[in-house]
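If you want the building blocks of each chain, they are given just below.
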Amino acid sequence: MNPRRIWAVASKEWREIVRDRIYLVLAFLMPVMQMVVLGYGMSQDVENVAFAVVDEDHTPASRDYIQHFVVSRHFAFRGMLPGARAGEPLLADGRLRVMIVVPPHFEQRLRAGKTARVQTVLDGTFTTSARTVRSYLEAINEAANAATQAGYLARRDGLSLARAAVLLQPIRLEVRYLYNQEARSIWAVAPSLVMFILLLTVPLLMALSVVREKESGAIYNIYASTISRAEFLAGKLLPNLLIAAINAAVLWLMATRYFGAPFKGSLALFALASLLYILCIAALGLLVSLLVRTQQAAMIITLVMAVILAFHYSGMITPISSLDGASWLFAHLVPPMYYQDAVSGTFLKGVGLSVLWPDLAAFALMAAVTLALCYLAFRKRTRT
Amino acid sequence: MRRLAPGARVWLRQLLVMTVKELRQLVRDRALFIYTVYIFTANIVIAAGGAAGELHDVRTIVRDGDHSAASRQLEYLFQPPYFRLLGEVARPGEGLRMLDRGQAKVLLDIPDGFEQTLQEGQRAASVQLLVDTSQANTGYLASSYGVRIAAGMGQAWTERRLARAGAANEPLPRIADEIRVWSNPDLNETWFVTISELLTMMTVACILLPAAAMVREKERGTIEQLLVSPLSPFQVMLAKVVAMVLVMLAGTAVALFGIMQPLYHVPIKGSVALFFALTALYAFTNAGLGLAAATFARNSAQVGMLVLLMVMPIVTLSGTWTPLESMPAWLRDAMYVSPLRHFIDIAYSILLRGAGVRLLWDSILATAALGAALFALGLVRFRRQFA
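So the protein sequences, as listed, match chains A and B. Note that this note's numbering has the first sequence beginning at 4, numbered continuously upward. Note that this note's numbering has the second sequence beginning at 10, numbered continuously upward.
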């Protein structure tokens, strides 16, 4: 490997990038825009769930019960309905997600110490949020239930309300949210987005830079030159790594300054992990570029790869621990999971090298393997 | 055909020939063809495999400072399917370190004197549950299951106490909320995931493929050949759209009847004909978007970036990955211009909720209007550039 020849390839590459204005602007603008859009979009908070109520009891007790849902920040009250029939088309159209029906004799039954039934219809189309909504519904119903029972018990046995509450609920589970004290989705999402957006842009730019030469035929100059395979690959990698590193820094700034995500760990550690991650995924992009012939194919493959890896195998959406055998293994063989670990470790948990070194080691290993594959896949003489 | 004017017949023949040419080009480009087949088959299977489903096996550790019968009872209630008990630690600090390393997600901390407080019954016996919320959603679900477990044990404890006091015969009032999940009663994750994956990838392909095909003609100069032929720019563009619509219809049929129904039992509650008709309309709208984008780019790399720039927000913000209700109002309103936002309404409503035209007319109208506008924009710019 001759550093001067690497430098020659790298500076030629850099000049090409700088001269293609649109490409240059997109290379730096795309990550920023994606951060803004996805930052707002990927938040998993379930709020403003549209619901309507059918009150067939019309008593203080039924109104009180309904009020529990109206005041919740998770639900948005859309009004009373005359009957369950009227709600069905609204659910079918997606205008309502939840309909609560309080049947007649609700208050009467509660006063008599009996069980009063309430029917709730929940739209299960979007399963993930439906599951969260169901747990909100259950929690609110439980709170209403506890209040009703405590009131009943206090009246019946002449106890204070607080005493009745302890009798009914002798164990209190105090939940404390670690790392993300307000369980705010954006705090968790913003660091993950650094992982996702780098994965979307770095391999793409990398792959395009090689395939572009293949398409235009400029690569024959390389084939015919004295530049060795390793020198060419290194020269191609360097300018793209520089762009990616700048983007990583910009994304970090946006996550912490714009979205206000906490950064508790060491910046140096984050930088090191990011550089290794960038090297890994740029090598992946390089590998793709050596295996395909057209820019479109390179684009499609890198994008599909990024989306699949980030959404299914990074732990950003589905925790790795709940993946099944083959998926679990696959997640451990690709870089996103390790970087996800590193960003959530440095952003939210504030852990240090003693915890994160296995991730860094994994990056180094993967980068070495992928680059070796690139070296083997790149041939100056096309196979006949 | 007899009754058509000769001009119209020629016009239709030209369109047909062009459409066949587009289809042939797609099939011959091996990478693109494999990709198209992949998104309607293997991709859906992969997505279904990655479906998260119910929260399960949350790794839990316990710090039992009480070592009593009651504390052990509570500890063993944290059981599969929701929780998996990893073991005990002696001090809370050790547990926190395991959370730091991601080895555990939840730490149950039972303080000294738990059983005694419970027996005295003067105040509630408190227990701490420390939850890793670096994934906000799973963290919330884990804590809500935890609260339910503690409430269940507390209730059993009270019932036994009341029984001993001889008051068991008097039941307490209770509000039983019977939650019926509608449209997907078992919250079957694969129904949602496979449909959303189909819609997502269809959107990507529908925008990208025509845009790429158009730019390639520009790059290679074959567009000049088309323009000196008797074809009008309208025909050139329409043929690309028609080809895309045909590919999407075929792909959707394969995905729906070949994979989603037989493998995952995804229901089709509404009309199949309506679903395919609207799929065609949706493909038309997206192809229009792709072609309009192609008029702004000079080469493949640029069009790729441009498409990516549009597809990302469309795919993520239209309401599959995150519910629209939770977004800020300005963003929700902005998404009215995303065709996918309307098609999500249409597709889920027909397939899972069994809705018909009477409920969906507004979404249909919006998709059609967007499609017409985008196609017109593409045509105007295309004419200005070449004709």
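If you're looking for bench data, these hints aren't it; they were derived computationally from the structure. Glycine residues also receive a C-beta, built at the ideal position from the N, C-alpha and C atoms. The reader is advised that the hints may include incorrect statements.
[Unchecked claim] Derived contacts from chain A toward chain B, CB cut-off under 7 angstroms, selection only:
| no. | residue |
| --- | --- |
| 1 | Val169 |
| 2 | Leu176 |
| 3 | Met302 |
So, going through the hints one by one against the coordinates:
1. At its closest, the beta carbon of A:Val169 sits 5 angstroms from a beta carbon of chain B; the interface hint therefore holds under the 7 angstroms criterion.
2. For A:Leu176, the interface hint holds, the least distance from its beta-carbon to any beta-carbon of chain B being 4 angstroms, beneath 7 angstroms.
3. Taking 7 angstroms as the C-beta contact cut-off toward chain B, the hint placing A:Met302 at the interface holds, the least distance being around 4 angstroms.
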